[in-house]
Structure formats: C-alpha cells, structure tokens
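Residue numbers (full-length UniProt numbering), protein chains in the order written: chain X, 1 to 323; chain L, 1 to 511.
Simulated from the structure, these hints should not be mistaken for lab results.
Here the structure is a predicted model, which is why all the values come from computation and not from measurement.
Each hint should be verified, as a subset may be incorrect.
[Claimed, not checked] Estimated spans, in silico, between C-beta atoms of each pair:
hint	chain 1	residue 1	chain 2	residue 2	range
1	L	Asn377	X	Pro311	38 to 48 angstroms
2	X	Pro311	L	Ser108	24 to 34 angstroms
3	L	Glu232	X	Thr202	42 to 52 angstroms
4	L	His88	X	Cys75	35 to 45 angstroms
5	X	Thr202	L	Arg123	33 to 43 angstroms
6	X	Ile10	L	Arg123	49 to 59 angstroms
From the three backbone atoms N, C-alpha and C, an ideal C-beta is built for every residue, glycine too.
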Amino acid sequence: MEYFDTLIVILQSTVRVSVPLILAALAGLYSERAGIFDIGLEGKMLAAAFAGGAAAAVTGSALTGLGAAVLVSVCLALVHGFASITQRGNQIVSGVAINFIALGATVILGQAWFRQGGRTPQLSGDARFTTVELPFAAEIADIPVLGSIYSDLLSGHFLLTYLAFMMIPFTWWVLYRTRFGLRLRAVGENPGAVDTAGISVTWMRYRAVICCGILCGIAGAYLSMAMTAGFVKGMTAGKGFIALAALIFAKWKPVNVMFACLLFGFLDAMSIRMQGNELPIIGVVPVQFMQALPYLLTVILLAGFIGKAIPPRAGGVPYVKER
Amino acid sequence: MNDIAIELKGIDKRFGLVHANKDINMRVRKGTIHGIIGENGAGKSTLMSILYGFYQADAGDIFVDGKKIVIRDPNAAIAAGIGMVHQHFMLVENFTVLENIMLGAEESQVLNAGIAKARDELRRLEHEYELEVDPDAVIEELPVGLQQRVEILKALYRGADILILDEPTGVLTPAEADHLFRILEQLKSQGKTILLITHKLREIMAVTDEVSVMRRGEMVATRTTAETSVGELAELMVGRHVLLQVDKGPATPGEVLLSVENLSVRDRRGVEMVKNVSFDLRAGEIVGIAGVAGNGQSELLQAISGIRRAVSGKVLLQGEPIHVTGTADPSELRHRGLAHVPEDRQQMGLVLKFDESENSILGYHDDPKYLNGVFLNIDAIRKDATDKIDKYDIRPPNPRLKTANFSGGNQQKIVLAREMERDPAVLVIGQPTRGVDVGAIEFIHKRIIEMRDAGKAVLLVSVELDEIRSLSDRVLVMFDGRIVGERAPDAGEGELGLLMAGVEDSKEAAQ
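Could you put together the complete structure from these sequences and hints?
This is how it looks when you write it as structure tokens:
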C-alpha cells in the first residue's frame with residue numbers, strides 16, 4: 001500500500017508539471033502546423049507568467065492576471081508573426097530574439113516595479129488560482145485504490161489543469177473536423193494550394209500564431225499563478241523547449257502531444273522525487289541526469305524507435321508567390 | 001458576341017524591368033479548346049495568372065461572357081467560373097483527394113456536413129466526365145496523371161466553365177498525355193471552354209481548335225488550327241525560320257568507346273528495371289535509346305554514369321572496365337572521359353541557388369585550373385564561365401546570376417557547356433531538351449551533332465521520339481528493361497511506336 005501511495009503522489013505531480021508542457025506544446029502545434037516554426041514558446045510563456053503574476057499582484061484578481069498573461073503572450077506572438085509572415089524573416093532568429101527579450105525584460109520590469117530581485121509579490125487569496133474538488137471526492141476517498149485514484153489523482157487540480165487536458169480532444173477536433181483546421185494544415189503543407197483556392201495565406205497564418213499566443217499565455221499564467229504563487233525570474237526553466245521536443249516527439253499530432261508531455265512530466269516528477277534518494281543497485285542518480293532525460297529520450301527515440309518525424313512541409317519557409 | 005467566353009483587351013504587365021505582357025488582345029470562343037503557344041518566358045503563364053487573379057494587370061480589361069469583370073484574387077476568378085490547373089500542381093500532398101477538393105470550398109465551419117455532399121458531387125463529376133479517382137486516396141501515393149485529374153476535378157467542383165491548363169503534359173508520359181487529351185475533348189463536348197498553354201507544337205496541332213501565339217510578351221497571331229501548320233507556328237513563335245529537321249552528315253563510326261555487357265539494374269524499390277542489356281557505342285556515332293518513360297532508360301543511364309549500383313554485368317569505357325556493380329563513382333568516371341548530362345537538370349545537374357559560374361564548374365571544381373592552392377580561383381572560374389556563356393549563347397550573359405533565374409533552356413545550356421567543354425570521349429545525355437524552348441532545342445541539337453562529328457561517342461536517352469529519330473545514327477528501343485530491337489533512325493514512327501509498346505515483331509505488325 002505504501003508503494004501505491006508513492007505512485008499516486010508521483011502521478012499527481014506528473015499531472016501538475018505536465019500542464020504547462022501540454023499547453024505550450026499545443027500552442028506550438030497550432031503555429032507549426034500552419035508553417036510557422038516557433039522556438040519562442042519559452043519566451044512567450046515566461047513573459048506571460050510575469051504579466052500574470054504582476055497583474056494579479058496589483059489588482060488582486062486571478063482572472064485579470066490570466067487576461068494580462070494572454071494579452072502579453074499574444075502580442076509577442078504577433079511580433080513573431082509580423083517578422084516571419086509579413087516581413088518573411090527567419091523564423092528561428094525571430095523566435096530566439098523573443099526568448100531573449102522575455103528573459104531580460106521580465107527581470108528588469110520586475111525589479112523596477114516591485115523591487116524584490118525580479119520577483120513579483122507573493123499571491124494569495126483571490127489573486128491566485130485555487131484548486132477544485134470534484135463532486136463526492138471526500139466521500140469516496142476511503143474506498144481502496146479507486147477512491148484514492150479519484151480523489152487524489154483526478155480531483156483537486158486547478159481549473160486550468162482540466163482546461164489543458166480538454167484542449168487535447170478540442171484541438172484534435174479543430175484540426176481534423178473543422179474548416180479552420182483543414183485550411184490550417186493545408187497552409188503548413190502547401191501554401192500555394194491555399195492561395196490558389198482563394199484563401200489568404202497571410203490571414204490563416206496570423207490566426208494560427210494568435211492561437212499559439214493564447215495557449216502560451218495560459219501556460220504562463222498556470223506557472224506563476226497556479227503552480228506557484230508569484231513570478232520568479234527564469235521560472236519557465238526550459239519548459240518551452242521541452243514542449244518543443246514533445247511536439248516533435250509527438251509528430252505534430254494532438255493526442256500524441258498529451259502522451260509525450262505526460263511522459264516528460266513523469267520524468268520530471270521522478271527527478272524531484274528521487275532527489276537524494278538512493279536507488280537499490282544504482283545508488284544516487286544525479287538530478288542533472290534526470291533533468292536531461294527528456295532531451296536524451298527525444299534524441300534516442302527520434303533516432304530510430306518511433307520512425308521519422310516529418311515536420312509540416314512548408315514549415316519555416318515564408319510564402320512568396322512565385323513569379 | 002454571345003459565343004465569346006473570354007475577351008482580353010490591352011492587358012499589360014511589368015515585373016520590374018521585365019515587360020512580361022505587352023498590350024495583349026485575345027478572344028476565346030465558347031466551347032472550344034484554345035491553345036496558347038510560345039517559348040519559355042514568352043509571357044503565357046503570366047497572362048494566365050492575371051486571368052486567374054494571381055497577379056494584377058497594370059492595364060487592360062477582362063470580359064467574361066461579354067461582361068467586364070475585375071479579377072483581384074483567385075476567389076473572383078472562381079466566382080467568374082474560371083478554373084486553373086497549374087503547371088506545378090497546387091495540391092496538399094499528404095491530404096486525401098477529397099480534402100484537396102474541399103479546400104477553400106468547404107461550405108460550412110464544421111466539415112462533417114460538407115463531406116457527404118462533396119462525395120456525391122464528386123461522384124457525379126466522375127461519371128459526367130469519366131474522371132474516376134478514389135476520393136480517399138492520399139495525393140502523394142497517386143501517379144502524376146491522377147494528381148492532375150484531381151486538379152481538374154478541383155476546378156470543376158468549384159463550378160468552372162472555363163478551364164486553364166498550364167503546360168499540362170510537362171510531367172506526363174505520352175500515354176498519360178493522350179489520356180488527358182481525351183478528357184479535354186470530353187469536357188469540350190460538355191460545353192466547357194479550355195485554354196491550353198504549351199510550348200509543344202504537336203499538342204497544339206492534335207487537340208486545339210484555335211491557337212494564339214505569343215512571343216516576348218506580345219500576342220503575335222491567332223490562327224484556326226486546321227488552317228495552319230507546325231512550320232508556320234514554329235516560325236511565329238521564334239520569329240524566324242526554324243530547322244525542325246536536323247542537318248547532319250552520315251556517321252563515321254570508329255572504335256568501340258563504351259561497351260555494355262549483360263547489365264542488370266534494380267531501382268530503389270528493388271524492382272529489376274534493366275534486364276540483361278548489352279550494346280556497343282562507337283566513336284563518331286549517336287546511339288539513341290527510345291522508349292516510353294519508365295521502361296528502364298533512367299536506371300540504365302544512372303548505372304553507366306556511376307550514380308546507381310548495378311546488380312550484375314560489365315561496362316567497358318575505352319577498353320577499361322568500369323566497376324558498375326561496386327565502387328564506380330561519377331567523379332572517377334569523369335576523369336576517365338565519360339561526361340554525363342543527367343535527365344533532371346534541376347535535381348541532379350545544377351544547384352539552383354548557386355550562381356551560374358559556380359554551376360559551370362560543378363563536379364570539376366577540383367581541377368587545378370580553377371584553384372589557387374586550397375582556395376577557389378574566382379577570377380579564373382568567372383573567366384571560364386564567361387567563355388562558356390559566349391560559346392553557348394547563355395542568356396542573360398551574367399556569370400554571377402543565380403541559376404534559378406535562368407530559363408529552362410538556358411539552364412540546360414549551362415549543364416551542356418560544363419560537360420561538353422571537358423572534351424569527353426563519351427557523352428551520356430538524358431532528355432537533352434525536356435522543357436526547353438524551340439530556339440534552344442535547335443542549338444542543343446547542333447552541339448550534339450558537332451560532338452559526334454568531332455569523334456565522340458554519344459549515348460542519347462529521350463522520351464521525345466522525334467528527337468531520337470532526328471539525332472541518332474542507330475536507335476535502340478527499350479521496353480520493360482530490355483532492348484527489344486535496333487532500327488535505323490528512318491524507320492517508320494509506327495514501327496518504332498509498336499516496339500516501344502512491347503510488340504516484338506513490329507515489322508510484321510506494322511504491315
């Protein structure tokens with residue numbers, strides 16, 4: 001029973017750390033499926049986390065914080081869109097620039113506004129998201145196994161967590177069952193076909209980039225207002241890049257994205273859990289190794305175990321009408 | 001007035017310094033197949049792109065069914081009943097046929113409602129025009145002929161009454177092209193108007209009712225096809241008299257320079273494409289390999305030039321063996337005097353993003369005359385490129401221009417200049433004039449014959465039977481990986497055609 005409880009704890013924290021990965025990876029999915037590579041997920045998430053933390057601290061309202069986070073992230077996404085769609089710039093360079101801007105600007109503004117060494121003030125009460133209990137969670141908690149799974153693993157998360165998991169089937173539906181999704185996928189594969197069908201390539205790609213901004217914004221808000229109570233400098237800690245790895249790992253497919261993010265989240269949860277703990281036989285595993293595992297896994301698995309991950313064909317290429 | 005489907009008045013378009021269309025006037029009658037012919041770069045595609053709303057004309061009016069309309073984007077063209085089949089298909093390769101057809105014409109935000117309707121409509125179109133295609137097939141798994149059919153269906157699905165086809169046969173085998181022409185006849189009989197853009201005279205003569213000729217951005221003439229001739233059209237196209245028949249003296253074959261014995265080659269999928277092929281190639285002769293595309297000619301060329309490993313067999317170059325089943329590599333063969341002009345110049349012959357001078361030394365870049373120690377000698381390379389440009393009349397004459405910006409004919413001349421100027425003993429050429437305009441074809445043919453007269457051995461592979469017949473001294477016909485016969489170049493077209501179709505005893509069958 002002790003092992004089972006440990007497992008539940010690890011899985012619970014897996015869910016907790018997977019949420020920003022899922023949201024960011026889905027954000028990348030919208031953008032990249034439309035042919036705009038986005039290496040700036042990290043920066044957008046970080047800027048959103050800061051904006052959310054700051055706005056919530058000032059106004060005392062979590063919803064205002066969320067709104068500010070999404071707004072800032074969408075603005076950055078539009079900058080990336082302007083550079084790579086309208087100006088036909090290099091998408092990688094633009095994405096890297098956004099990462100750096102976010103990294104620097106959050107610290108400078110944070111220090112200037114709050115003077116807490118780049119942090120935002122601790123959030124409490126209405127300024128922070130609270131967890132929700134699913135119905136009857138308390139009543140059936142005592143039932144062995146099932147009760148524990150329901151009340152400890154499924155219940156007691158933030159609303160944003162449930163939102164993130166609902167975004168998976170929703171994104172799948174949008175992508176494969178709506179007109180918007182059909183055009184979005186087409187514009188990432190062959191923008192010429194979209195253009196000759198009488199649809200604006202530019203407008204389609206801007207809409208995709210805006211979707212990316214919204215989801216990155218929610219991911220950022222989750223980091224600073226749900227998972228922790230306030231912004232800390234550099235708090236994304238590479239999650240944007242892990243999300244990118246998960247997206248490639250998932251071959252740009254929504255359901256795969258969820259499994260990839262849960263796997264990476266699980267590794268993360270394990271690394272926290274195993275800090276300082278000795279494993280039988282192996283001894284103490286360095287934390288750094290556990291932290292590097294998602295990347296290692298991506299490289300190893302992509303090198304031959306899950307087959308080729310083929311990116312959207314027009315990805316990274318600005319659309320120019322051929323003469 | 002009512003029988004005019006499209007009328008263009010004074011269409012004018014410039015791209016920077018290039019005057020692509022100069023004051024174009026044209027009328028297309030309803031229910032006809034109207035050809036537009038001209039050399040590459042004559043402005044045909046630009047004119048059609050204006051009609052389809054891809055570009056805006058700087059001046060001029062477009063009338064459809066007698067009404068003046070403004071076509072700002074493809075939407076407006078579609079609304080006016082104009083559909084276009086592009087030269088490079090505008091299809092999403094990993095989508096299904098159905099998804100491609102629905103794209104842009106989905107009817108509702110959620111797809112489900114439209115899908116059933118689209119299926120019904122597709123089935124109706126398939127029956128009406130005999131255009132069968134599986135709606136659930138993925139585009140990239142379909143042969144090009146079927147992909148083109150999807151493009152046609154796409155236009156019809158959007159209710160097109162006027163269909164523009166831009167160089168539709170460039171990617172098709174002769175059999176697929178014939179099939180396409182039957183489809184076009186069918187569409188015409190159903191009252192559709194068809195605009196066929198091409199630079200192939202034979203197609204114009206075969207299917208069109210009327211033909212307009214463009215030259216350097218101008219519309220120079222419109223003729224009724226039945227009342228014109230290939231010679232007249234060719235002259236109108238290039239503005240001077242063109243030799244379609246190549247002048248050449250008799251061959252004086254010398255010693256055997258290339259000898260192929262029992263060569264067998266498999267393709268990428270492991271299918272045996274060349275089966276036990278043997279032949280000799282002598283100095284001072286051109287041997288043509290005729291055949292319908294896909295009967296092993298490509299693999300044969302690749303094996304001889306060291307690009308593809310053969311399964312078995314021997315090849316002797318000037319009496320010395322080439323290790324075709326093992327370590328033969330193109331660079332070694334080049335040093336031994338075998339030059340290769342690959343079939344697909346854009347994929348294998350050139351790096352399109354390099355400038356002209358860089359491409360003119362590609363593969364010979366390790367020649368000391370282009371080097372300055374370990375560095376490239378840029379001056380020597382440019383000088384060398386300029387000489388080739390003069391000699392081969394490559395236009396524009398600018399060795400620093402990006403190769404992608406040259407027309408197809410001039411790109412081919414860049415490759416030919418590179419390979420021929422090395423003075424090889426054996427020249428292996430695949431599709432020397434594919435996608436090349438009439439003026440350049442004449443030039444290329446002359447150069448090939450000059451090589452022969454200089455005592456070189458030339459192996460020529462082409463899907464254009466006319467080209468094989470007019471250049472070759474001997475014709476070998478390939479079918480299903482085998483050489484099924486050797487004929488003199490003046491053998492009847494019917495006889496060669498039957499051989500190419502795999503009828504072995506073609507002499508008797510032709511009678």
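Here is what the structure says about each hint:
1. Asn377(L) x Pro311(X): 38 to 48 angstroms: holds, 40 angstroms
2. Pro311(X) x Ser108(L): 24 to 34 angstroms: Distance hint for proline 311(X), serine 108(L) holds at roughly 30 angstroms.
3. Glu232(L) x Thr202(X): 42 to 52 angstroms: holds, 46 angstroms
4. His88(L) x Cys75(X): 35 to 45 angstroms: holds, 37 angstroms
5. Thr202(X) x Arg123(L): 33 to 43 angstroms: The hinted range 33 to 43 angstroms holds for threonine 202(X) and arginine 123(L), with Cβ atoms some 35 angstroms apart.
6. Ile10(X) x Arg123(L): 49 to 59 angstroms: For arginine 123(L) against isoleucine 10(X), whose Cβ atoms are near 55 angstroms apart, the range 49 to 59 angstroms holds.
In the structure shown, no violation is registered for any of the earlier numbered hints.
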